[in-house]
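K.L.:
Given the coordinates of chain B, work out where chain D should sit on it, guided by the hints.
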Amino acid sequence: MSWVSSNQPRGLAQPLWGLTRRAAVRLAGRQSVLRQANWVLFGAVIALSLLGTLVIWSATRQVLGNAYLYKQLLNITIGVILMLVVSSLDTRHIKLYAPVLYAAACLGLLAVLSPLGTVVNGARSWISLGAGFQVEPSEFAKLGLILMSAMVLSEVAAGHRRPATKAIMVTLGLGAVPVLLVVAEPDLGVTMLLAVLMLGLIALSGVRLRWLFGMLAAAALGITAIINLHLLKAYQVSRLAAFINPSADPRGTGYSAAQAKIAIGSGGLHGVGLFHSQLIAGNYVPEQQTDFIFAVVGNELGFIGTMILIGLLAVMLFTALRIAARAEDQFGMLVASGIAIWFAVQSFINIGMTVGIMPVTGLPLPFVSYGGSALFADMIAIGLLQSIHRRRNVFAA
Amino acid sequence: MIPASRPRLIALYVAVFALLAGLALRIWDIQVKNAPVYRALASSERIREVVTPPTRGSIVDDLGAPIVTSTPALVISVSLPALWQQSDGGEAVLSRLATLLHIKQSVMRDDVRLCTVGVRPPCWAGSPYQPVPVAENVSATTALQVLENQRLYPGVTAAVQPVTHYQQPISTSLAQVLGYLQPITASELKAQGLPSTGYSGVDLVGQAGLELQYDSALRGVPGMQKLAVDAAGQVTGTISKVPPTAGDYLVTSINSAVQMDTERALAAAVGRSQLAGNPTKNGGAAVVMTTTGRVLAMASYPTYNPSIWNRGISQREFNRLFGTAYGEPVLNRATQGQYAPGSTWKITSVAAAVAAGYSLSGSYNCPATVTIGGHSYANDGNPNLGPMSLHEALVLSCDTVFYQLAYDIWQHDHPGANVVTSPKAPIQEMQKMELAWGFGHNTGVDLPAENPGSVPTREWLYYLWKANAHAGQNWCKNGRINGTYVQQIEYDDCRIGNVWTPGQAVIAAIGQGYVSVTPLQLARAYVALANGGTLYSPRIGEALISPTGKVVRRINPPVVGHLPVAKSTLAYIRNALAGVVTSGTAAGTFAGFPLNKVCVAAKTGTAQVAGLQATSVFASFAPCVHPKYVVVMMIPNSGYGSDVSGPAVRQIWDGIFGLEGHKAALPGGNLPTVLPHLNRAGQLVPPPGFGPPPVKPTKPAKPTRSPSPSASPTTSAPGGHG
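Chains as they are written, first to last, in the numbering used here: chain B, 1 to 397; chain D, 1 to 722.
By construction, these hints were calculated from the structure, which means they are not laboratory data.
Backbone N, C-alpha and C define an ideal beta-carbon position, used for all residues, glycine too.
Just to be clear, a hint being listed does not mean it is correct.
To be verified - Some chain D residues near chain B, calculated using beta-carbon distances under 7 Å: (1) 1; (2) 41; (3) 42; (4) 354.
Stated by the list, open to error - Counterexamples of contact, computed for chain B against chain D with all Cβ distances above 10 Å: (5) 25; (6) 101; (7) 348.
Unchecked claim - Far from chain B by the CB rule (all over 10 Å, computed), these chain D residues: (8) 11; (9) 43; (10) 271.
Excised from the complex, chain B in its bound form (with noise of 0.2 Å):
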């Protein structure tokens, strides 16, 4: 690379230059980031963001012209920046710096709840940084409690070939902070996610088939035993109802799933072409940028659209478990596939709203939706996944 070895400033400006220089070698050099890099994954991703990017403006120029494409314009570059520089560290550095991660999000989620925290949607779920930014800790709660899980369990003593038991229960119990946390917000697809992504690592570190069918059962038996005991008191069990029956939601989420789901029938193979949407921009279906975003695919795009969207997917997230299965350590391959459950689960719930199979919650789409936090969070994990990808073992599967 020519253009990095000539012409070297000097002055003042050289150790910047030297830190610069350092960079872009890493980025580029023979064993660089960018070298190594699964570009197909990288190529899904942009694709997602791009293309949420598109129906976003759609969905908001008629209001606010196009204030909301470049706001995720900016949002994607600087996910993108994080990504790289998290994809640039070694995974033996993530692991280490696991628990202060997993310490700052539960902080972020105890934030929250404190007079800090903002109510959006019925829901104490935001810190206001000030100045209009805003921050939504449990995004970087799904992270810290992958990489949490992923470093308990990838622990598995010399001799042994699970996990100890104590393990589980550390896991169980880091776990339990963050969905404990969460569920006090209350989101309740947030908590749903938290406790698939513990179930999942859990089951995919090992540990014997009957602790797995015995973590089940348990949790089938604490519910029945909550519900037909009366353990709880009456207004836990209106929060409770309030928290399971979507219906009981203040602003009616019953009428925002039916609305989108007119927006996605109505846009069949088609679609009404982007931009063109009568409904998207008579703004027929609440939140259509941020959970909603899948409609208004839907209804623009049409069959085909929403196929290229799930086919983008598909190929994330398909490369996300080859990227685990390739992994070269027991933790990165939790971690990435922690990731993987995390996208395929959100993307299932946020679709599966909007289609009218799972109840409305407020998980946005990955690397769709309008959303900073989100967003920023997403593009680390794929950066996590590039950095577990440079280190595969290319004699695995």
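P.N.:
Chain D alone, transformed into the frame defined by chain B:
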């Protein structure tokens, strides 16, 4: 990866694939399989259709003078959902509005309540989502007060809408013929198969009379504005806009002057009968052109002012209109009243007798009474007038002559079929003649809800008996051999109700018993007599003229039959009827009438009805030679034909020809032969030689004089647009 993890990872592959495949299947189901369902849902979501009501076509008289007009006016409307959103349900708003509009609070409340089960008019029959009009023709100042103080009047709007205006006094005179308009109801929309978007709750549809008969032409085509709206109901743009097309003019053959005369004469006759102590409640009259079958005038007593249908009818008005206590003014007695024709019927009996072989030059005995089948049948007033011709029998209206003729015919007219056991029993000779004169079935006049009257054929008798012997009136159960008068009749009817007895035959021959006719039926039979045998289906509508002046449709009374009577026989009867006025039963009625100027021929009828006063019937035509018009009046429960209806009919003739101090409604007795046409100002002007119209148009800002006959454009041909 530790070995234990491998199968779990494979399971994860499968799970992820299953999730994605599940989503894809579900999306296929929604977007491909059921797309039409969702597309339909979506289009109803985002488009709001705003109906612009068309201006309804006017109904005008034969000279183009308006009778019912629809004009755009400032209308104050109330949105019910907006009212319901108020904390007090809109009470305060309505109260303020009532004060502003000078309407009673209670009237206002009734106007805006919804017509649901148990709520009788006045109420709002339209959709609750359509604005309910509460005041029409308000001033621009009032409209502005409402529009600019939306805080005080939430949900109240002012907009230009068509308002129906009834020209007085002609529309009251013609109320039942005109019919009325009401907001279309959801069930009517469905029944008429109209698109629900085409007719909103503010659209008025004809519910009776000409308004119903010619509704589709009068209605016009509503304009439709398709607006794009967002989820909050805010209009974001106009998708399409189709302006409304005004309805056609309905030119009728009603001559306003004759109509007014006819209605007033009828009302006066009823009034005189009531003054004389008779319980007279109603009556009908019709004036029909002999040569064309067109209706010049049609009156029904009692009548009412159709303006009460505007802006919702009150409960009291509604009860009055439909209640029997007030004589059901909503009924058109000229086409719906079925009365015994009495001796006016004898023209058909003469024709039947001639058809049966009785000679016009023969001599017929007119005794005081005749005994037929063990019963004695008397001549009215019991005079024994001795032998006479059929001419005299008509002039003097001798009943016994017709009793004997009817009995003679009865004796050889399929006597074997007289115990009627089948609807296929042969029709009697006299009744066959009566049917041929247009009785017993609808005239087919261009008015809905007509009654057919009755001619007691054997078939008719069979169905009457079948319907009432053991069902309906249940004669066999209620009849008593020694009971009240009615019970005795029921007893007889049970036993021999299906038998064509000589008694029924003889009283049918003088237009009594089971015989009943409507005034219009009687009029068209006399039209056929007068014009030499052509039986018309009368028409009130003459033409439909588009708002641009084009004649869309000419309406001609169809010829539905020819009397099976020789021209000479008809001339014989006409000649006899001329004698009725000079030397017969109507001589007193027409005493002093200038018959030398206009010769009037007539037949009186006084039909005895059990338990009631006689039905006074008077049927006439003029001039005696080449008759132009027929005037018929029937007033039940009043008295002699020559006493009640007769003088009223004389008044109508006075009015038509301008006799005895009356102003001539039809100078020279002539009617225009061409249609009124639309001038450049968009007004209908009378045909050359007629007008100016007797009633001024509703609203011209400056009183424009219609051009003098000679100056009016000669291009009165249809198709010239104004």
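K.L.:
Of the hints given before, which are not true for this structure?
P.N.:
4, 7, 8 and 9
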